[in-house]
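Visitor: Chains as they are written, first to last, in UniProt numbering: chain S, 1 to 133; chain R, 1 to 289.
If you are wondering where the hints come from, they were derived from the structure by calculation, not from laboratory data. Note that the Cβ used here is the ideal one computed from N, Cα and C, for glycine as well. Incorrect hints may have been included.
To be verified - Estimated spans, in silico, between C-beta atoms of each pair:
1) S:33 / R:216: 28 to 36 angstroms
2) S:30 / R:285: 30 to 38 angstroms
3) R:175 / S:117: 31 to 39 angstroms
As the list claims (entries may be wrong) - Residues from chain S that face chain R, not an exhaustive set, calculated with beta carbons under 7 angstroms:
4) 12
5) 16
6) 33
7) 34
8) 37
9) 38
10) 40
11) 41
12) 44
13) 45
14) 100
15) 103
16) 106
17) 109
18) 110
Residue strings, one per chain:
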Amino acid sequence: MGLQSCVNINKEWDIVGARQMGRDIAREIGFGTVDQARIATAISELARNIYLYAETGQICFEVIDNINQKGISMIAIDSGPGIRDISQVMEDGFSTSGGLGAGLPGVKRLMDDFDIKSEEGKGTEIRALKWVR
Amino acid sequence: MDGKFKKIVIDNSDTIVHMWLDEVDSLKDGNYTSSISDELFENTNREFVNVIFSSIQKQGASISLEEFSEKLINLGWPLSYITDGLQVFRRVTVDYILSQSDQVDSTYISNVLKSVDMWVEPIIRQLVNEYSGSWEHIVSLQRVALQELSAPLIPVMDSITVMPLIGTIDTERAKLIMENLLEGVIRHNAEVVLIDITGVPVVDTMVAHHIIQAAEAVRLIGSTCILVGIRPEIAQTIVNLGIDLGKFPTKSSLRKGFTAALEITNRKVVDLDGKEESIGRMLDSLNGE
Ligand SMILES: Nc1ncnc2c1ncn2[C@@H]1O[C@H](COP(=O)(O)OP(=O)(O)OP(=O)(O)O)[C@@H](O)[C@H]1O
Ligand SMILES: [Mg+2]
Chain S
1 MGLQSCVNIN KEWDIVGARQ MGRDIAREIG FGTVDQARIA TAISELARNI YLYAETGQIC
61 FEVIDNINQK GISMIAIDSG PGIRDISQVM EDGFSTSGGL GAGLPGVKRL MDDFDIKSEE
121 GKGTEIRALK WVR
Chain R
1 MDGKFKKIVI DNSDTIVHMW LDEVDSLKDG NYTSSISDEL FENTNREFVN VIFSSIQKQG
61 ASISLEEFSE KLINLGWPLS YITDGLQVFR RVTVDYILSQ SDQVDSTYIS NVLKSVDMWV
121 EPIIRQLVNE YSGSWEHIVS LQRVALQELS APLIPVMDSI TVMPLIGTID TERAKLIMEN
181 LLEGVIRHNA EVVLIDITGV PVVDTMVAHH IIQAAEAVRL IGSTCILVGI RPEIAQTIVN
241 LGIDLGKFPT KSSLRKGFTA ALEITNRKVV DLDGKEESIG RMLDSLNGE
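Only chain S is shown next, with the shape it has when bound in the complex (with noise of 0.2 angstroms):
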């Protein structure tokens, strides 16, 4: 396990940071241009749902080292108004601000690994993961 870097999101322009910030880390750890792209769509996707949603939070980046396999792990955190159906927001389309609703099971097939966790009035964690090829 590598270092933890953090990005907070309070305004619409810390998601271009934390954007930022996961792409320098993924082409670091050798990703190729299209994970890259892919990578910096689902942190866009993350910090966007955190800015819209919960107002402010956190997105932290890890980079994962092991014998056989690297990779980036994300970690999306807010303390914002939670998500009461988790299986509802997992649907393409669904959004109740009138968006694409294609957020959340985008970043899911955008990356490896894909975990929500989320309790009504408490906050939002999302971890996602993805190994370099």
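Based on the hints, put chain R with the ligands in the right spot on chain S.
Guide: Leaving out everything else, chain R with the ligands in the frame of chain S:
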């Protein structure tokens, strides 16, 4: 007391100005850019000290302060020139008044300091305010300039218009894109508008959503919107996100999009020499491929 100090200073302004100029002159090396010529520096110093004296005589704010700070900004000099200069003035003046007095006790010193501070403070305040105000003005102008650049429309030929997008798209810019697109399509009477996203680093659901809405709006006013410049990695992430761009035309490059636009508007590029390749070359140079 204050009146007495003021009289000393004004009666001996020549000496004080001289002392001030000497000290400020020695600040030049290392503090301010060497590109400032000696002549300009000396002239500005003289003007500065005149501004200070006229402000003290007139008791506070004056128009010359405003003009002077504006001049400094136009010259591009740092704010520290103002603060250093006034600091030196304060020191020189206090020294001078004290040197002209017979008995100097602590009350006297404190009175001198109080008086000089009272003269200098409004000048600092006004100059710094003017200075930062002008910067804010410049920043707001640049903001407008940046906004004008953020969603440009280029009417390349009759009925074909291109909107090249470069850089990150946030919600504010996304709205501007929509407005400019619709307004521009109507103003230029465009049948086809090409949105080029080659320079957009990340296309997430928000950006995609706005592009889809813009294209839909363009369709509603009777024109066609073609999305071009979709880099391979962007195409893959859009597919992964599960976004359906199938409803409106997309092309990988501006070149292909332009060819399609010509077809839609019933035109084609004809090479007068009849050599097919040179058409390709022309289109290549259009796209920078
Ligand atoms: N961090 C969060 N806190 C609370 N609710 C959330 C959070 N993230 C997502 N949601 C809820 O889940 C829904 C689905 O999110 P998702 O990102 O998939 O789509 P969206 O944000 O509505 O639209 P888009 O396609 O633009 O992302 C949201 O509409 C919102 O109600
Ligand atoms: Mg979302």
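Visitor: If a hint holds in the structure, say so; if it doesn't, say that too.
Guide: Each hint, compared with the structure:
no.: 1; hint: S:33 / R:216: 28 to 36 angstroms; verdict: holds, 30 angstroms
no.: 2; hint: S:30 / R:285: 30 to 38 angstroms; verdict: holds, 36 angstroms
no.: 3; hint: R:175 / S:117: 31 to 39 angstroms; verdict: holds, 34 angstroms
no.: 4; hint: 12; verdict: holds, 5 angstroms
no.: 5; hint: 16; verdict: holds, 5 angstroms
no.: 6; hint: 33; verdict: holds, 5 angstroms
no.: 7; hint: 34; verdict: holds, 4 angstroms
no.: 8; hint: 37; verdict: holds, 4 angstroms
no.: 9; hint: 38; verdict: holds, 5 angstroms
no.: 10; hint: 40; verdict: holds, 5 angstroms
no.: 11; hint: 41; verdict: holds, 5 angstroms
no.: 12; hint: 44; verdict: holds, 4 angstroms
no.: 13; hint: 45; verdict: holds, 6 angstroms
no.: 14; hint: 100; verdict: holds, 5 angstroms
no.: 15; hint: 103; verdict: holds, 5 angstroms
no.: 16; hint: 106; verdict: holds, 4 angstroms
no.: 17; hint: 109; verdict: holds, 5 angstroms
no.: 18; hint: 110; verdict: holds, 5 angstroms
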